[in-house]
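Protein chains: 2
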Amino acid sequence: MTRNTVNNFNPHVSVDCVIFGFDGVRLNVLIIEREQGGGVSALPGDLILDDETLDDSANRVLYELTGLSDIYLKQLQAFGDPDRIKDLRDVQWLRNVREEPSARVITIAYYSLVNLQNFSPKAASFARDVRWEPVYELGELAFDHNVIVDKALEQLRLNLKYDPLIGFELLPEKFTLRQLQKLYEAVLNHTIDKRNFRKKFLTAKLLKPLNEKEQGVPHKPAQYYEFDRKRYMRIKDKFWF
Amino acid sequence: MTRNTVNNFNPHVSVDCVIFGFDGVRLNVLIIEREQGGGVSALPGDLILDDETLDDSANRVLYELTGLSDIYLKQLQAFGDPDRIKDLRDVQWLRNVREEPSARVITIAYYSLVNLQNFSPKAASFARDVRWEPVYELGELAFDHNVIVDKALEQLRLNLKYDPLIGFELLPEKFTLRQLQKLYEAVLNHTIDKRNFRKKFLTAKLLKPLNEKEQGVPHKPAQYYEFDRKRYMRIKDKFWF
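Those sequence lines, one after another, are chains A and B.
Here the first sequence is numbered in UniProt numbering, starting from 1 and rising by one per residue.
Here the second sequence is numbered in UniProt numbering, starting from 1 and rising by one per residue.
Just so you know, not all the hints are guaranteed correct.
Copies of one chain are not kept apart here, so a pair can be met inside one copy or by any two copies together.
No more than 25 Å apart at the CA atoms, straight line, and that leaves these computed lysine-lysine pairs for PhoX-like [unchecked claim]:
hint : residue 1 : residue 2
1    : K213      : K200
2    : K208      : K74
3    : K151      : K194
4    : K194      : K161
Read the hints as simulated data drawn from the structure, not as lab findings.
Go ahead and model the full structure; you've got the sequences and the hints to work with.
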């Protein structure tokens with residue numbers, strides 16, 4: 001694929017991808033490292049091409065930089081603060097790669113939540129490294145990428161709040177209450193009282209207990225549950241007509 | 001304010017505003033008519049300027065075309081299909097006003113929901129008329145504006161579903177169940193069974209009956225209610241920790 005940013009009608013519009021990866025314990029985010037000095041950490045992102053949709057662009061850019069595909073990317077929103085490019089390292093980088101390094105770049109952010117164990121990213125293009133980093137231990141990212149991650153995290157929490165289904169997709173078909181609690185703790189970034197958590201989920205009757213327990217664990221084997229999708233679809237629409 | 005689209009770093013990025021207005025019975029959307037031939041209906045929208053944030057741009061453009069201000073605009077998402085400009089009338093219009101009429105324009109859509117009675121739009125700039133149109137009776141709008149309205153409507157329904165508070169903001173402090181039902185019917189675009197509607201809202205205990213009834217109405221006076229915000233805040237977080 002050839003790219004010609006000079007003739008591009010939208011030379012200063014980019015896409016950035018916030019890929020959250022849950023590893024069973026922590027919430028991570030996919031970070032690339034740019035080839036520059038000691039390296040600069042950033043979200044996978046790049047300029048759009050004239051002939052592609054925004055969705056296609058996000059998928060292409062994610063694939064080019066990290067090798068990942070088959071991730072359902074949802075658009076978060078556009079970020080376009082005129083001051084979003086002010087860090088000296090970013091300005092220097094742009095001087096090397098852009099015709100108009102001082103132009104405000106508008107970026108369309110995308111996000112996704114995946115089970116980290118199913119994806120093995122590989123750095124390519126201008127990414128010299130790609131890795132999962134715990135989202136609550138991120139250092140300073142390029143441009144306004146920390147702001148974008150925060151906004152995506154806010155949206156992720158809202159999604160999980162209004163649609164627990166999103167969370168259950170990250171767990172195995174059968175899971176323990178402990179595994180479920182870990183997921184909520186990872187996204188919310190705080191511990192949750194165990195009894196309170198169990199009580200809420202069990203009274204909501206969203207979980208079906210299975211006739212099966214953990215095996216070969218060093219602690220008291222826990223009961224397995226599965227998510228009651230049918231009941232969920234019913235109570236989900238409780239306030240709807 | 002002077003505008004120079006030629007030197008603009010983002011010459012093909014615009015904002016468009018979907019302002020929903022509830023009039024007590026119907027859901028409307030604010031539409032401008034462009035000065036062109038027999039007139040072309042469109043959402044209020046225009047190109048962004050280099051030195052303004054996207055939010056500021058949406059507020060400025062809405063004000064310039066309709067005279068409306070003090071409306072809380074929330075970003076919906078960006079739309080950037082390379083084919084979003086293909087209607088002949090749009091192409092002709094762009095030939096008159098743009099340097100590169102064939103360029104794909106990326107637009108950042110904003111939306112809001114207001115009580116129509118509180119706002120009196122006045123056409124200005126390239127709008128020769130501005131009016132509220134029932135959202136379910138819209139004709140063909142410019143560009144992909146029908147798609148944008150549909151997406152905003154979808155988001156509005158989700159908001160109302162997960163946060164009825166948004167709806168109550170559109171009603172008077174004290175209201176009848178009939179008024180509340182009209183609001184839901186207007187947004188959902190279908191009639192709702194009266195008994196079912198009342199039962200759901202009354203069992204949810206979100207409404208406080210007042211010691212007051214309608215006066216001077218030709219039918220049996222209905223009971224007034226008010227929204228129980230405190231209780232709402234409690235049950236809203238039922239599944240949250």
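Going down the list of hints, with the structure as the test:
no.	hint	verdict
1	K213 <-> K200	within (21 Å within a copy, 39 Å between copies)
2	K208 <-> K74	neither (30 Å within a copy, 39 Å between copies)
3	K151 <-> K194	neither (28 Å within a copy, 40 Å between copies)
4	K194 <-> K161	within (18 Å within a copy, 29 Å between copies)
Hint compliance for this structure: hints 2, 3 are not met, and every other hint is.
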